[in-house]
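Full structure from sequences and hints, please.
Chain residues, written in single-letter form:
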Amino acid sequence: MSESVTFLSRAEALIGTREAEAVENGVRSFLALRERVVDEFPIMGAMRSRARAIRLHSLSHLDRLLSHFADQLEAAGGRVHWADDAAEARQIAADILERTGSKRVVKSKSMVSEEIELNHHLEGLGVDVVETDLGEFIAQLAGDTPSHIIAPVMHMTRQDIGRLFAAELGVPYTEDPFELNRIAREHLRAVFLEADAGVSGVNMAVAESGSLILVTNEGNGRLITTAPRVHIALMGMERIVSRWEDAAVVLETLARSATGQRLSVYTNVITGPRREDDPDGPEELHVIVVDNGRSRVLAGETAEILACIRCGACLNACPVFRTAGGHAYGSVYSGPMGAIVTPGLHGMEPWWDLPYASTLCGACEEVCPVGIQIPRMLLELRRQAASEGRLPGWLEKGMSRYAKTSVEPAKWARAKRWASRLGALVSSRGWIRRLPGPGRGWTESRDLPKPARETFNDWWSANRGS
Amino acid sequence: MDRDVFLTRVGRASMTTRLPDPPPVSSALPELPETDLLALFRARAQSVNAVVHGPVTRHGAPRAVVAIATGHDAGSFMAWDELPASGVASALLAAGLDRVDHLVPEEGRAEHNLTYLNVDVGVTGAQAALAESGTLVLVHGEGKPRMASLIPEVHIALLDLSLLDRTLAHWAHKDPELVARTTNLVFVTGPSRTGDIEQQLNLGVHGPRHVHIVMIR
Numbered sequence: 003m004s005e006s007v008t009f010l011s012r013a014e015a016l017i018g019t020r021e022a023e024a025v026e027n028g029v030r031s032f033l034a035l036r037e038r039v040v041d042e043f044p045i046m047g048a049m050r051s052r053a054r055a056i057r058l059h060s061l062s063h064l065d066r067l068l069s070h071f072a073d074q075l076e077a078a079g080g081r082v083h084w085a086d087d088a089a090e091a092r093q094i095a096a097d098i099l100e101r102t103g104s105k106r107v108v109k110s111k112s113m114v115s116e117e118i119e120l121n122h123h124l125e126g127l128g129v130d131v132v133e134t135d136l137g138e139f140i141a142q143l144a145g146d147t148p149s150h151i152i153a154p155v156m157h158m159t160r161q162d163i164g165r166l167f168a169a170e171l172g173v174p175y176t177e178d179p180f181e182l183n184r185i186a187r188e189h190l191r192a193v194f195l196e197a198d199a200g201v202s203g204v205n206m207a208v209a210e211s212g213s214l215i216l217v218t219n220e221g222n223g224r225l226i227t228t229a230p231r232v233h234i235a236l237m238g239m240e241r242i243v244s245r246w247e248d249a250a251v252v253l254e255t256l257a258r259s260a261t262g263q264r265l266s267v268y269t270n271v272i273t274g275p276r277r278e279d280d281p282d283g284p285e286e287l288h289v290i291v292v293d294n295g296r297s298r299v300l301a302g303e304t305a306e307i308l309a310c311i312r313c314g315a316c317l318n319a320c321p322v323f324r325t326a327g328g329h330a331y332g333s334v335y336s337g338p339m340g341a342i343v344t345p346g347l348h349g350m351e352p353w354w355d356l357p358y359a360s361t362l363c364g365a366c367e368e369v370c371p372v373g374i375q376i377p378r379m380l381l382e383l384r385r386q387a388a389s390e391g392r393l394p395g396w397l398e399k400g401m402s403r404y405a406k407t408s409v410e411p412a413k414w415a416r417a418k419r420w421a422s423r424l425g426a427l428v429s430s431r432g433w434i435r436r437l438p439g440p441g442r443g444w445t446e447s448r449d450l451p452k453p454a455r456e457t458f459n460d461w462w463s464a465n466r467g468s
Numbered sequence: 030m031d032r033d034v035f036l037t038r039v040g041r042a043s044m045t046t047r048l049p050d051p052p053p054v055s056s057a058l059p060e061l062p063e064t065d066l067l068a069l070f071r072a073r074a075q076s077v078n079a080v081v082h083g084p085v086t087r088h089g090a091p092r093a094v095v096a097i098a099t100g101h102d103a104g105s106f107m108a109w110d111e112l113p114a115s116g117v118a119s120a121l122l123a124a125g126l127d128r129v130d131h132l133v134p135e136e137g138r139a140e141h142n143l144t145y146l147n148v149d150v151g152v153t154g155a156q157a158a159l160a161e162s163g164t165l166v167l168v169h170g171e172g173k174p175r176m177a178s179l180i181p182e183v184h185i186a187l188l189d190l191s192l193l194d195r196t197l198a199h200w201a202h203k204d205p206e207l208v209a210r211t212t213n214l215v216f217v218t219g220p221s222r223t224g225d226i227e228q229q230l231n232l233g234v235h236g237p238r239h240v241h242i243v244m245i246r
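One line per chain: the protein sequences are A and B, in this order.
The opening residue of the first sequence carries number 3 in our numbering; numbering runs sequentially from there.
The opening residue of the second sequence carries number 30 in our numbering; numbering runs sequentially from there.
Certain hints may be false.
Covered stretches of chain A (chain B as the covering partner; in silico rule of three or more C-beta atoms under 8 Å from a C-beta of chain B) [stated by the list, open to error]: (1) 130-141; (2) 165-173; (3) 209-217.
Hints listed in this document are in silico derivations from the structure and should not be mistaken for laboratory results.
This one's a predicted model, so the numbers in the text were calculated from it and none came from an experiment.
All C-beta atoms, glycine included, are put in the ideal place defined by N, C-alpha and C.
Here it is as structure tokens:
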């Protein structure tokens, strides 16, 4: 990313477009559904506290839980691999595919696979990789990146998808969602059944049993872990809880927060490859545990973001995400969660501006099923960016002057009198509609009332006691 | 990367981490107000587009299954070897449906899998059901293939009414060892669905389009 490509420039290119409008509409329906199922579940508050306690406990014992998980999964016949970074994770996956002679790979949605850009790498090695989540399948056909972690092609209209299917799958144009769904189902059916390997993510892993939990609505997550001979699961190292009962509590909050469902259609719990008596299931199960910057995050001030269960509720609740859409973040992880995860995993350069893509209204923390203190960490990252001297000069100077002035009452009173006079100069008929310089962008979508002629302190001095 | 190196680094990171204190929680799960489990299950399963039948007697179950299958013009089926009611598979065979084998062979996996393209109906039992979410709990293993509730367009599940529970969390707390004993269990909440095209509900995207639950007294 070059110096000039910032959140702001990406967002400005998107705001007001059909894509941003589609995201706004999509998000609004998620929010309404979420509210309904949260309100009807009288123990939601208690479950959220438990889920938070479970996730924080897991993070503070991560090494022990991962070690136990690996022992248990290997005892059940699976293999666990450890990847330091994206390149190593890709290499491990490629090696497994090569060793097992797997040429046809089906995938279900996995944020980690996008984080490590797995598809691109495998395709370069001549492996045929097919995304099977309907939204991801559409994004892959379009050569586009997902714009929302739960609804990947929220930014596309049915007409876009109809044209895409006609061009890429050679079917007659239709914009009927049911027909489009049927076309995708038929196209993918044999692909699932003939695939050599399935690659999935992991929503949660259970240390005590070595189990993997995969949550999907479409059934693709079950198909790719049942039909092919080999199953490879990519797992962010933080995605673990100690016991199955703990996982069950977190699951009670996940779907309600994500899509407003009580449970997703399929919550799939996998413990090892096919055993002797099992009629079906994969013969090999490999889990690739990925660090890729997570241990650095764990050691720092934003460790709490690792408690995230990737439900996407904070994206939907965020006024900035709703206005700009996921692509404005320029990263796999978007929204308030992404504004902390992305600089955490990939460094402040060039991602330091993402924590500024927030009004700090706190809606994200309010809807978070594990109560992650997102605004606190956004502020912490802003503090870091400022102390590293990343802010533009005018903001840096303005803020340090503000800091000095605001702690001295006499200076502060003088400054307010000046502001009142200046405000009167740039206002017309009682409103400030346009500010010059750095204030210009701010007033593009907002009007300010003209400041009072007399400051409150002056009024108080003049009228006190009367 | 070597496992020990990986885990040592994680352990070192944990030592300097500044995580907030977890909120205090009681050891017991919070309880929900009492309710009519059957009525709740029926309502919640229907709200996710499952069709609930019965309760029927154990004796009446095969006839109910055949009626559902023929209602979908089914020509073939796959079924768990053991079901909560006996005589289901033979009743389907007698009604003229073909049975598709569900045992995946060591060799010729893809060829075997492709025979599933023509299966119309899958019949399974259920280990439990969760009223709060309208969910079926399917525990797979010997004679109980995962594919039966996954690949056909129509999934028919036979559910013993005595196995109704309240939520996933409450059910999991009763038998925490279960997941270690079985390679695969799945919680099924209605038919396969997607909202990926303009958030419009679309059923049967990859999994079954129809889920029928036959409740047995």
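Structure-based check of each hint:
Counting residues of the region 130-141 of chain A whose CB lies closer than 8 Å to any CB of chain B gives 5, which reaches the minimum of 3, so the coverage claim holds. Restraint check on the region 165-173 of chain A versus chain B: 0 residues with Cβ-Cβ distances below 8 Å, three needed, restraint violated. Under a criterion of three residues with beta carbons nearer than 8 Å to beta carbons of chain B, the stated coverage of the region 209-217 of chain A is upheld, 4 such residues being counted.
The earlier numbered hint that this structure contradicts is number 2, and it is the only one.
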